[in-house]
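Read off the chains here:
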Amino acid sequence: MVWLSGDQQSITVAISGSGGSGALTAGFILLAAAQRCGLYGLMMRSAGPQVRGGESVSILRLGPSPVTNIGDRVDLLAALDWRNIERFHDELALDNSSLVLHDSSAGAVPDSILASAAEQRQIDFSRHAAEHSDGRANMIAVGVLGGEIGLPLPALADAAETLLGKKAAATVEAAKACIATGYRGTVAQRETRADGETLAQRETAAPAFSDSPRRWRISGNAAAGLGALRAEVGFVAAYPITPASEMLEWLAPRIERAGGTLLQAEDELAAVNMLVGASFGGVPALTATSGPGLSLMTEGIGLAIASETPILVVDVARGGPSTGLPTKSEQADLNQALYGLHGDAPHLVLAPLDVGDCAYSVEWASRLAERLQTAAILLSDQALGQTHAVIDPPPRCPPVLGRKRIYAASAQDSAQDSAQHAEQPSAPDSPARTSTQTPADSIARYAPSPDGISPMPSPGEPGYAYTAEGLAHNAKGTPSSSAADHRDQLSKLAHKLKAHDYGDGWARIDRGRATKHATVSADKPIAADQPAPATISLLTWGSSWGAVQEAANRLREQGLQVQTIGLRLLAPLQQEALRAAIEGTRVLVIEVNAGAQLFRYLNAERVLPLSARSFARPGPLPLRPFEVIAQLQDQLNLSPQAQDSGSKHSHKDSHKDSRESVATASQKGARR
Amino acid sequence: MVWLSGDQQSITVAISGSGGSGALTAGFILLAAAQRCGLYGLMMRSAGPQVRGGESVSILRLGPSPVTNIGDRVDLLAALDWRNIERFHDELALDNSSLVLHDSSAGAVPDSILASAAEQRQIDFSRHAAEHSDGRANMIAVGVLGGEIGLPLPALADAAETLLGKKAAATVEAAKACIATGYRGTVAQRETRADGETLAQRETAAPAFSDSPRRWRISGNAAAGLGALRAEVGFVAAYPITPASEMLEWLAPRIERAGGTLLQAEDELAAVNMLVGASFGGVPALTATSGPGLSLMTEGIGLAIASETPILVVDVARGGPSTGLPTKSEQADLNQALYGLHGDAPHLVLAPLDVGDCAYSVEWASRLAERLQTAAILLSDQALGQTHAVIDPPPRCPPVLGRKRIYAASAQDSAQDSAQHAEQPSAPDSPARTSTQTPADSIARYAPSPDGISPMPSPGEPGYAYTAEGLAHNAKGTPSSSAADHRDQLSKLAHKLKAHDYGDGWARIDRGRATKHATVSADKPIAADQPAPATISLLTWGSSWGAVQEAANRLREQGLQVQTIGLRLLAPLQQEALRAAIEGTRVLVIEVNAGAQLFRYLNAERVLPLSARSFARPGPLPLRPFEVIAQLQDQLNLSPQAQDSGSKHSHKDSHKDSRESVATASQKGARR
Amino acid sequence: MTPAMIPSLRARDYLSEVKPIWCPGCGHFGVLSALTKALAYLERPKHEIAVVSGIGCSSRLPAYLDCYGFHGLHGRALPLATGLKAARPDLTVIAAGGDGDGFSIGGNHFLHACRRDIDLCYIVMDNAVYGMTKGQASPTTPPDWTQSALTPHGTGIPAFRPAAIALASGASFIARGFSGDPHGLSELIARAILHPGFAFVHVLSPCRTYRPDDQSSWKQAVHPFGEHLLSATETPINAAQGSTPALQIQDDGLGLGILYDVPRGPVSNNATLGTSPDRAAALDAIEAELEA
Amino acid sequence: MTPAMIPSLRARDYLSEVKPIWCPGCGHFGVLSALTKALAYLERPKHEIAVVSGIGCSSRLPAYLDCYGFHGLHGRALPLATGLKAARPDLTVIAAGGDGDGFSIGGNHFLHACRRDIDLCYIVMDNAVYGMTKGQASPTTPPDWTQSALTPHGTGIPAFRPAAIALASGASFIARGFSGDPHGLSELIARAILHPGFAFVHVLSPCRTYRPDDQSSWKQAVHPFGEHLLSATETPINAAQGSTPALQIQDDGLGLGILYDVPRGPVSNNATLGTSPDRAAALDAIEAELEA
Ligand SMILES: Cc1ncc(C[n+]2csc(CCOP(=O)(O)OP(=O)(O)O)c2C)c(N)n1
Ligand SMILES: Cc1ncc(C[n+]2csc(CCOP(=O)(O)OP(=O)(O)O)c2C)c(N)n1
Ligand code: SF4
Ligand code: SF4
Ligand SMILES: [Mg+2]
Ligand SMILES: [Mg+2]
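Residue numbers (this note's numbering), protein chains in the order written: chain Y, 2 to 673; chain G, 2 to 673; chain P, 20 to 311; chain H, 20 to 311.
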């Protein structure tokens, strides 16, 4: 077990313990220490059913390049005790090259651990802790693991100081002392070990600890909150629900600093209607919820769409159906997000692809909703929201024009081009509300226009008073049951979404850099860095992106021409762009739900070739890269060796065959 | 304008008038009179936006064979006055062979009527009414129209007596007198007309009025209520909403007669959860609502599915999105019914195909839900629910075993075969609850079983106490977040729906009888009555069935081999059966919504050939047969003449082409 | 309302061109007229007023006014109004709807809007029936009313007491008016709008079509509220330690006037907009914290 | 509860084998114990009891009992219980949940269940916080409690008064217990179950984790309700013509005992099951009418 020596690009470390053992705190300190050394990392956590104080596990993966997912297995487990460890068996994924450190006083090693054939080592976490007054075993573990991983001691100490900062000074000092004890013991022990590496060598090899501006340490829920602030969301109303509450709790004090309002509503019905009210008032509005709350919000989302009042609903999804798995992840709310409204109600559906992308996607979703006067649903999930990661600061979303104001309605088209590239990403296409200019005559609120977007005044603007309407209505907003009015307004709703130019943000497409063995060969020309055209597309969305991305990297190293496509804009689907992207490739659609929801959706939209296959399996376990690789080989009948001899993909597959694949693929997924 | 003379198979009559004019009552009397003569018929109505007392129109179509839809046009309009008649212009569909009867005192004929080039005739409805004390113009109209149509006077009088029965005797007598006046005037007038038909000839030609058991006169909403009673639904909870309230209002007094309970809830959230409670108690339960209510119920429906507690939700759909078109029809809630739940939540979705089928479908949906311990959503709509029709009594649904009881769990498989064909359609597969037998040991509520159905005890049965659970759970029902438990229970939910044998009820498939010109030719062998294999499939669902069916009949008369498929069971989709049914045909998928929701769904499930096309257009106008025919020619590039020379359909269509068709077809629909 | 004040806009200037769909004789006409009178009296500029509603005959009100308006969802007028007012405290926000909308499907929001005490005026046009859906019993329908086919034996349950619930929930202003007395009603509405907090105006507004007798029977039965009692002491928020909060309600449901009026402070958990902090600086500072 | 009565089942016989997930010291343990005691005292057969709940720590209760149970949706325990009782009047139906479940998201059902007065016992385990979702303010949280990050300045709005709302809504039985006094609580629950109508039991049941001080402060502050007042005269359903219905509430929220107890008749709009009419004959008759 040596820090990133040789080929090892990352290390996965787990810390487990029963209630009060501090396994989570230990994980957070290690993650913060990694951040302090210019490393990347992420940390997921898993807890038993107890509300508080139950056993829990933190799993971290750290490395010098961006960490996209938790990986296939755990390299190193520190077990503070063994209570209910079986609960986490699936998540721990130990194997015969793992190392398990456990407290000698914790009793016999459980069968599930023994069965993994991992190497065992006893460390007297609690005895060492007892050497310090106020000492705690989890801090010894931080030191031991820090040493094992090779994080420098000052980084560990600084991280502990920051994270425990609110506690009494004595507690912080005790923690630092324990960390040092654990660290020195481990490193000293290694000095005596067969690999012969010396302490000095280790310390040289360790990444440097610096005070210079660091990468961000942030959870997906916090990043989503940040996206809201970046989008100038000024009003949030919500009802608490796991795992979305943390996004709201992050936002509450911060939106106030930015001049906005957050209101805890009596229920989700209230929350979504409060958004509609605030947004009608001209203030960008957002809520966060999870599946059960999203169900309660569908009527209100429909009102936002029909009345053309922008709102953004962030669904931090958990396992379903019904109350389901409140603390665990699944990508099973896609159907509801896409299709969950009564009537024909076109709207936006987006999903972030990683922790940092929560900021980008939320900002973009909010700005698109504002521009297009519609509801946006953003599908985050527990695996993104509650994962803490060390990342590079995520970019701002592409520029999107702000709400179409009534003053500028005529000058609209000319203004658009220049404003699109303005520095301010959301310049409203009109003078500010304070303009004294008064219009000659009022423009109908729901008037037709070439881009399908009718100018939208805000209360307070004289001369434009209108009543927003959820009934079918005419261009003025007066209720109408005429077939012509209904048809006109329905096509306006559909058209404005279709007609908008979403640019490149609709997906991440990665065709890979030149593969590793290509770059090391010095005689290859630089053009070899250009990715070769892909023959395989791994198509996915949301939190599955990270594992798929890693799977693709490995496959490329094996010489396969693989591209990954992560859809960020799910609706309206960018059919043409997606068709072009997958043209001529074999497609595997990957998602974590039982119903193959994305696969079915893409079929519904007729963008997939008949040969496309689905890998869909339910949560709550996080997707692992090896699963993707196994499915690829299984479903596309494709091993790395076989590919060169395999014929290039075409649409020749027998029709019968392909029509059966929905059931087959998803059943396979479900059976896993 | 002669009653069913020659080829005319039906007549469409409209009556219009402003608030209080009694246009609806007149329509109802004509419909009841037709019922009294052994005719079939249906009546739709349309009203202005006023809550009450606004102008309204009733449109009836009557004929000697079953009337499936309102037809292409109106033959005969009686306008009691002209106020706001433009509102109904689209629905009236007059043309140059229509006849318009209008009151001379109503003022100038509006431009919209003149533009139709319909023949005009003045009838002094109000002057004739004034001849009778208490006389009313609408009753004169009943007489005039009855005479025009050729309904016998006694039938009109009897119908008036039944329908006005609760009013004062004088009112009823006045009405009958007015009807006679109108009738005699019309018939006498015809005697003097050029066609030379005599009164005696007319009276002979008129269908006989008899007292013998008649066909049923019933609305779709009432038929749905009847289906509930047939299914032994014992509990209804609901919140009023147009156009579902009438189903509830029909049921309230009748379910009480049958020993059940109906409860007006405070909102739809309460209603659906009340059903779950009642059903948990062992009593089949149902609610009726419309789009906005369905939105509010999705969370509760998810609970029913996850906790495996049977319920039935009838959605009498109206135009959407949001509050939409409360009094008008659209088939736009299919998406929500199919996909509207968070998490993977497999359930039943059914839709009745005509007014009478509301009884069959509701009964079947309720019994399936009971058997499969899941939620069923039944998609009726305003066009079915508020249409009153004269029909043959609808059949009972096929036998379905009742709830799986715990006692019989072991003997399950053997009992199933025999009980399946038992006379009692819903024999529960176990002894009654009163059995004193006590089990040796309790069976886990959510235990796996070959058919995926776990036996379900009801409270009151000793020894089987369990807690129904909406969280992910293990076989006992204890909450569990283990991946294995989650996967097992999810696949059980999916499997029980897939594994059930739904028999033939999943669709109506009509390949037509021998076409008309085939039967008249005497030298054809009887085998010619066997329909020829279809080359075209018109695939539809719900209230569109009637117009599609009539379009198919006309196309067949033109020599095309057309089959119609009306899907009754929409989920789980019977993929294999549907693929077999459409095999080798060109498919046009027809529905009344903007989003081509059925077409997309069928694509999602990969059952359609790539050559399949969509005809989807929004409501609220009822679908007319000619629209279907026009679309068929347009989209399948197919005129009756062209077909013989056209090559037999295959899947050769260019891929590109076909992938574009979703957008193309639906946009075409939306643009209409 | 002193006669010296001459409003710059007349009541009718607040009316839009949309013709009400209400039945002739509907009580809601009186409410519309009273509301326009009140607005004119208060001289509120039309564009600074927003009237939001749910669904029902009563909830059609906003479209008939030449103000900003929102015809929202059945039962959800109050949250919509709350969101609007919280985001735009500069506006005069009025919520309106029916007894079904406000007390049946919207009951929870009624409770919590009273508690939250945000500065809104909420007008419920109570006709003791669901007019729009053609005559079913509402929470305020007498228990023995058998005219709805849905409850053929009557509801059998006592009518909902809006004023009592409002008081128990913490509303700071409660008034009752009668649509047959638009002048008195307009004064109540004006006072409700001026009240700095949640002001509930319960209006007896008969449904001509489904409860045709109410118009005349209410006309006879209404009386000034004076002799009755609505009082609350020591609401939990300002209760002295050890004191016992008390509520008293004596109300036959037909007493007209201001039933209760105790101003409370504004809601404190809302950072208000418009204090215009430097958004960009705040965002930079928040982002910088992520490096710690 | 005379000592002569010796129950045939002991309280612990009503417990299932499922181990509560509650934190050590959680008030909800006391409620579980009181409920089993009450059931044993009443000698209700386990299979004739159904306990239904919403979502929350408190709502986990049903699984811990060896009765029929339903762990339903957040906020929807009461409608579920109402449907069950209406369909199966032979069962003893108990609804249970938390203050968030019952008074925030479930507030509307609380109002209407009180009005409807169906024979249910509803136990709310009020800990003035959302325990399950990790400590946000609930409707009964004091306005100045700043421990939730979601309301960093406190909610700023007065706490919800469950007993007052129940009374104003028409509940016929209201009691308050303390989970720290399981014996007294079990007697209240037993009486609530025996009450023929809607019986609301408000239980002070502290959350050890998110409001650690309540346990001791409530223990000191609770007192018998005796000196306080909850009264209702002349509810609309039985009001004499011309009389004025009155409600009086004097309640510091900490008085224990039976606060109000006025039996009312059962709901009349429900045709009860079990009168076993001839279903088939009824159906035939109804179908025959369609020919008219
Ligand atoms: C979610 C939802 N449920 C039901 C309805 C149907 N609905 C429309 S208005 C209404 C009741 C209106 O009654 P009230 O609020 O008293 O207003 P009124 O018509 O009597 O003025 C109902 C039940 C709806 N639009 N939405
Ligand atoms: C529709 C919905 N919204 C939100 C939640 C999240 N949620 C679960 S329990 C709970 C609050 C529980 O508080 P309370 O009812 O007081 O019970 P306690 O945990 O305090 O005993 C919430 C908000 C949910 N499950 N469903
Ligand atoms: S139905 Fe009643 S409430 Fe509705 S408009 Fe007519 S009179 Fe008014
Ligand atoms: S969080 Fe609070 S309410 Fe929940 S179990 Fe723990 S102590 Fe009890
Ligand atoms: Mg009303
Ligand atoms: Mg609580």
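Because the hints were derived from the structure by calculation, they are not lab data. Built from N, CA and C at the ideal position, the CB exists for glycine as well. Treat each hint with caution, since some may be false.
[As the list claims (entries may be wrong)] A few chain H residues that face chain Y, going by a derived Cβ cut-off under 8 Å, partial list only: (1) V37; (2) I40; (3) Y149; (4) P161; (5) W164; (6) T165; (7) L169; (8) G173.
[To be verified] In silico negatives: residues of chain Y with every beta carbon more than 10 Å from chain P: (9) T172; (10) R218; (11) G235; (12) G260; (13) N274; (14) G278; (15) S280; (16) G301; (17) D452; (18) D511; (19) E558.
[As the list claims (entries may be wrong)] Here are the simulated DSSO-like cross-link-like pairs (lysine-lysine), alpha carbons at most 27 Å apart as the crow flies: (20) G/K477 x G/K499; (21) P/K238 x Y/K477; (22) P/K153 x P/K238; (23) P/K65 x Y/K477; (24) G/K477 x H/K238; (25) Y/K493 x P/K38; (26) G/K493 x H/K238; (27) H/K38 x G/K477; (28) H/K153 x H/K238; (29) Y/K168 x H/K153; (30) P/K65 x G/K168; (31) H/K38 x H/K153; (32) Y/K477 x Y/K493; (33) P/K38 x P/K65.
Verification of the supplied hints:
no.: 1; hint: V37; in the structure: violated, 11 Å
no.: 2; hint: I40; in the structure: holds, 5 Å
no.: 3; hint: Y149; in the structure: holds, 6 Å
no.: 4; hint: P161; in the structure: violated, 15 Å
no.: 5; hint: W164; in the structure: violated, 12 Å
no.: 6; hint: T165; in the structure: violated, 11 Å
no.: 7; hint: L169; in the structure: holds, 5 Å
no.: 8; hint: G173; in the structure: violated, 11 Å
no.: 9; hint: T172; in the structure: holds, 19 Å
no.: 10; hint: R218; in the structure: violated, 6 Å
no.: 11; hint: G235; in the structure: violated, 6 Å
no.: 12; hint: G260; in the structure: violated, 4 Å
no.: 13; hint: N274; in the structure: violated, 4 Å
no.: 14; hint: G278; in the structure: violated, 3 Å
no.: 15; hint: S280; in the structure: violated, 8 Å
no.: 16; hint: G301; in the structure: violated, 7 Å
no.: 17; hint: D452; in the structure: holds, 24 Å
no.: 18; hint: D511; in the structure: holds, 25 Å
no.: 19; hint: E558; in the structure: holds, 33 Å
no.: 20; hint: G/K477 x G/K499; in the structure: holds, 23 Å
no.: 21; hint: P/K238 x Y/K477; in the structure: violated, 38 Å
no.: 22; hint: P/K153 x P/K238; in the structure: holds, 23 Å
no.: 23; hint: P/K65 x Y/K477; in the structure: holds, 18 Å
no.: 24; hint: G/K477 x H/K238; in the structure: violated, 38 Å
no.: 25; hint: Y/K493 x P/K38; in the structure: holds, 26 Å
no.: 26; hint: G/K493 x H/K238; in the structure: violated, 48 Å
no.: 27; hint: H/K38 x G/K477; in the structure: holds, 14 Å
no.: 28; hint: H/K153 x H/K238; in the structure: holds, 23 Å
no.: 29; hint: Y/K168 x H/K153; in the structure: holds, 20 Å
no.: 30; hint: P/K65 x G/K168; in the structure: violated, 50 Å
no.: 31; hint: H/K38 x H/K153; in the structure: holds, 20 Å
no.: 32; hint: Y/K477 x Y/K493; in the structure: holds, 14 Å
no.: 33; hint: P/K38 x P/K65; in the structure: holds, 19 Å
Of the numbered hints stated above, those contradicted by the structure are hints 1, 4, 5, 6, 8, 10, 11, 12, 13, 14, 15, 16, 21, 24, 26, 30, listed in ascending order.
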